[in-house]
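S.K.: Sequence:
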Amino acid sequence: MTTPKTACNRSARDHDTRLRLGADLRVILCDADDATLVARLERRATEQGVVSDARIELWPELRAAFTPPDELPSVLRVDATRNLEETVERAPALLRASYR
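If you read the sequence shown in my numbering, its first letter stands for residue 1, the second for the next number, and so on.
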C-alpha cells in the first residue's frame with residue numbers, strides 16, 4: 001500500500017495502520033529540510049501543467065500539520081534533499097536492506 005504524503009499526522013497514520021491487518025508494515029519517509037521543500041514548492045508554482053494540492057501558499061499549514069511517524073517501529077528515512085532520481089533509487093534499496 002502506498003500512502004500519499006498528505007497522511008502527515010498520527011491520526012491519518014493510525015487509520016493506515018489498522019488497514020494493514022497484520023501485514024509487515026514498512027514506512028519510507030522521504031525527508032528534506034524546510035528550505036529545500038519551500039524551494040521545490042516555489043519552483044513547482046512556475047511549471048506549466050503541474051497539478052498539486054501542495055502549493056506554496058499552503059506551506060505553513062502543511063508544515064504545521066506534519067508530525068514525524070515516530071510511533072511506528074519500522075520507519076526508513078530517505079534523504080530527499082538530493083535530486084529525484086537519487087531519492088527514488090535510495091528508497092527501494094533501504095526497503096530491501098531492512099529485510100536482511
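Worth flagging that the hints you see were computed from the coordinates, not collected in a lab. Quick caveat: nothing in here was measured; it's all calculated off a predicted structure. Even glycine gets a Cβ: it sits at the ideal position worked out from N, Cα and C. Take these hints with a grain of salt, some might be off.
[Claimed, not checked] Now the in silico label distances, taken between C-beta atoms and shown as ranges:
hint, residue 1, residue 2, range
1, Arg43, Ser74, 14 to 22 Å
2, Asp79, Arg44, 18 to 26 Å
3, Arg44, Pro73, 27 to 35 Å
4, Arg43, Phe66, 33 to 41 Å
5, Ala91, Ala23, 32 to 40 Å
6, Pro68, Tyr99, 18 to 26 Å
7, Arg100, Arg44, 30 to 38 Å
S.K.: Next step is simple, just say for each hint if it's right about the structure.
M.R.: For each hint, the structure was consulted:
Judged by the Cβ atoms, the range 14 to 22 Å given for Arg43 and Ser74 is violated: they are separated by roughly 32 Å. At roughly 20 Å, the beta-carbon separation of Asp79 and Arg44 lies within the given 18 to 26 Å, and the hint holds. As the Cβ distance of Arg44 to Pro73 is approximately 33 Å, the hint placing it in 27 to 35 Å holds. Evaluation of the 33 to 41 Å hint for Arg43 and Phe66 yields a failure: the beta carbon distance comes to about 20 Å.
For Ala91 and Ala23, the Cβ-Cβ distance of about 18 Å falls outside the hinted range of 32 to 40 Å, so the restraint is violated. Between Pro68 and Tyr99 the Cβ separation comes to about 23 Å, which falls inside the hinted range of 18 to 26 Å. Between Arg100 and Arg44 the beta carbon distance is about 36 Å. The supplied range of 30 to 38 Å therefore holds.
The structure shown violates the earlier hints numbered 1, 4 and 5.
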